[in-house]
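The listed protein sequences correspond, in order, to chains A and B.
1 is the number of the first residue of the first sequence in full-length UniProt numbering; add one for each residue after it.
1 is the number of the first residue of the second sequence in full-length UniProt numbering; add one for each residue after it.
Do not rely on the hints blindly, as some may be mistaken.
[Said to hold, decoys possible] Sample of chain A residues at the chain B side, in silico, Cβ under 7 Å:
1. Y27
2. P29
3. P40
4. D45
5. G72
6. G73
7. A80
8. G195
9. T199
10. L202
11. D221
12. S222
13. S285
14. I325
15. I327
16. I328
If you are wondering where the hints come from, they were derived from the structure by calculation, not from laboratory data.
Where a beta carbon is used, it is the ideal one built from N, C-alpha and C, also for glycine.
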Amino acid sequence: MAFKYIRMALAVAGLGMAASMAAAQSYEPENPECIAPANPGGGWDFTCRQVGKSLQDLGLISKTMQVVNLAGGGGGVAFAEVVNKRNDDNDLIVAASSATATRLAQGAYPGNTMDQVRWLATIGADYGVIAVAADSPVQTLPELLDQIKADPTAVSIAGGSAVGGWDHLKVLIAANAYGIEDVRSVKYIAFDGGGEAVTQLLAGSVQAFTGDISEAKGFVDSGDIRVIAVLSPERLPGEFADFPTAKEQGVDAIGANWRGFYAPGGMSDEAYNAWVSKIAELYASDEWKEVMAANGLAPLDLQGDEFQAFVADSVAKIQAISREIGIIK
Amino acid sequence: MDTLSSLADGFLIALTWQNLLLALLGCFLGTVMGALPGLGPSNGVAILIPLAFTLGLGATPSLILLTSVYYGAMYGGRISSILLNIPGDEPAMMTCLDGYPMAQNGRAGEALSLSGIASFVGAFLATWGLVLLAPQLVKIALLFGPAEYFALFALAFATLGGVSSSNQAKSAFAAMLGLGLAMIGVDTQTGVPRLTFGEVHLYDGIDFLVAIVGLFALSEVFIFLEHRHGSAEADTRKVVIGRLTPAPGVLKACTPTMLRTSALGFVAGVLPGAGASLGSFISYSMEKRLVDRENTFGTGDPRGVTAPEAGNNAAAGGALVPMLSLGVPGSGTTAVLLAVLLSLNITPGPLLFANNPDVVWGLIAALFIANIMLLAMNIPMVGLFTRVLMVPPRILMPIVAMVSFVGIYGISGSSFDLLVMIGFGVAGWVLRKLDVPLVPIILGTLLGNTMENNLRRAVTISNGDWWTLVDSPLSITLWVIAFVGFILPLFVGRVIRARMHARRDEEGAISD
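Isolated chain A, as found in the complex (with noise of 0.2 Å):
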């Protein structure tokens, strides 16, 4: 098979070069594209465009990063495109996150594993807050949990994505941690995107919100909410500093969407390693901490490797609370 001998020499090749990182740099996408897997607005969108912008500004892509809106499926759509008709683009990347990861472990992509893809890298990540309204008596999370093991039917949990979805298991995971045991009984109720979860939050229908940071960032700083727990190892950097972590409040719990990008499958070595060094190079780079900062993203820094056995690890993660709440057999 002469495909194998080039692509076995691409990935001697491949090492040779990895220790220099210019050397990586040879190969240069000629029409960069970035699939984000949903309608114009949404988090994959914002990672694309604000991903390709910035790659562009810092001259690490001399062309204009198109970005190509593929909904459908959560993702399900543009993850079946690219394994089943875009499988040796070099040129393609799509952005990903957390909900990626959770419906691929769901099976909610029929017939598709994270295998047939290449995971890139990470651009930061969005730690998981619950919040109460500003004139709620909850002050703690303990507190709230108390109130939904005393009587689960009192408090209803809003949250951006379906039943299932990444803002419903973060409560579940942090449900768990405190020690109740039917997860199933937590009440969630699930709306149309976060923005309209903590509208519902400030209108008195719901008593908590699940979400983002950066869907809560806005409304904390109006003092409308009032983050009771972010779901992060130790506390935020910066302006977030003031937010207790689920940790120190005797709940173990972290829940962190982080978004980034995958490659397709059949991308050659040389592709990918030129992709993961510059979103590596942009990482690092200060206007991305600028972006980062401004828009609530925490630092998550996996590339290569590494994200491959991170998302592989999160997924095996998914399917463990998925099976307990019943949304997969």
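Starting from the known structure of chain A, arrange chain B on it as the hints suggest.
Below, chain B alone, put in the same frame as chain A:
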């Protein structure tokens, strides 16, 4: 008069040559994109984002360009509705109902300029609403919980009778069909896929645009093919353009309609869960209930053109209220604008007015400028637009088919959607043969999902207690209006119609 001086500052920011040129470009591109079936305001804005980035525009100029496209597309959507009976985007659907009959009666020019004026009035009043009332209006949005939203959607469906004048049973059937189509996709309240048959393309449900373009545009092409095969060109209708500007009498008769529906559309826009489509729909059906005493709505009544146009443009302005002050998009397009704001490092939300006054007021000033530009651009171009009617169908129809395919493929990049669109085209052709109105189908699809979700959210929050649906004064009020809107015409309609019969001649003279 803090607000007014801020607004004046906004005009200072917006009134530079560069910004004016950007607004002009945006208005023009927006109008064109709005008029093309398949390309709506949200894709229009999305397509131009790279342009704004490539030009290296700052926050305010980018927003000026993109909101001009937004307003332009809201104007442009009506053009193909009126001329071809093909809505350019979702909210323009209601304009078909009276706009197309007007064009067929030889009043295309009048319909176009009238709807242009109505768009202007709607958008103008809504922009003032945004300036003066934004902080207060946010509180209205907070009055609406799931139960209230459900009542609002029920109200919309209760007045559905207003849409089709011919056969109520058929329009109810069409609405049910639409509601059924809305069931397709992953159910957000349980995470279970429904009616998807394991097809991943159906997980997100059916895209309204695909349904609209299929049902309206493609079925039109099919009908043409069928006729051409049979009776050929003998019955090609005689093209009459008629006058280009509306008579003062007509304008006068339409003014109260415009004012009422602007207010209604604006409020619908402010509610994040409602949006422009609901705005234009409620505007039309309410207006029909209020002023259509002789059943002329649906047959080319100028008021039936101004009502949805003022309504949907006012809703477009209204949708900016929750976007700017809550960071919650009220429509697909505002979701895109929100993403642009975020990528320009501006955080929308309660503090936007305080933290970035230059952006907000520059944007609002740009809206006024774009609006005036659009009116100035649209009225003289009416003559040009109406030329479309002169194009013989054998040339026009292939173009319609081509634009439909390219437009739909352009949104999703998926050939599956094209097949769905063709399916809808065939279904639309059959339904037209059976005289089933198409608009309620789209409304069912468009509103059904949100309506169902809100019902289930409300009932889940109350732990299965259905009385929660009538638990607040607001929801009770909405239910009463829905009930009255549904029952009243059944009993009183006939009486009023008989009484109005006598006055018909007099009123007919005014509206002609």
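Quick rundown of the hints versus the structure:
1. Y27: Violated, because the Cβ-Cβ distance from Y27 of chain A to chain B comes to roughly 23 Å (cut-off 7 Å).
2. P29: violated (16 Å)
3. P40: P40 of chain A check passes; min Cβ-Cβ to chain B is 4 Å, inside 7 Å.
4. D45: At 6 Å from the nearest chain B Cβ, D45 of chain A passes the 7 Å test, so the hint holds.
5. G72: holds (5 Å)
6. G73: This hint holds: G73 of chain A lies near chain B, its Cβ roughly 4 Å from the closest one there, short of 7 Å.
7. A80: Given a least distance of 6 Å, the restraint on A80 of chain A holds.
8. G195: Because about 4 Å separates G195 of chain A from the closest Cβ in chain B, which is inside the 7 Å limit, the hint holds.
9. T199: The hint holds - T199 of chain A has a Cβ within 7 Å of chain B, the shortest such distance being about 5 Å.
10. L202: holds (6 Å)
11. D221: The hint holds - D221 of chain A has a Cβ within 7 Å of chain B, the shortest such distance being about 5 Å.
12. S222: Status holds, d = 3 Å.
13. S285: Result: violated, 15 Å to nearest chain B Cβ.
14. I325: violated (10 Å)
15. I327: Hint holds; I327 of chain A Cβ to chain B Cβ min 6 Å, cut 7 Å.
16. I328: violated (10 Å)
Of the numbered hints stated above, those contradicted by the structure are hints 1, 2, 13, 14 and 16, listed in ascending order.
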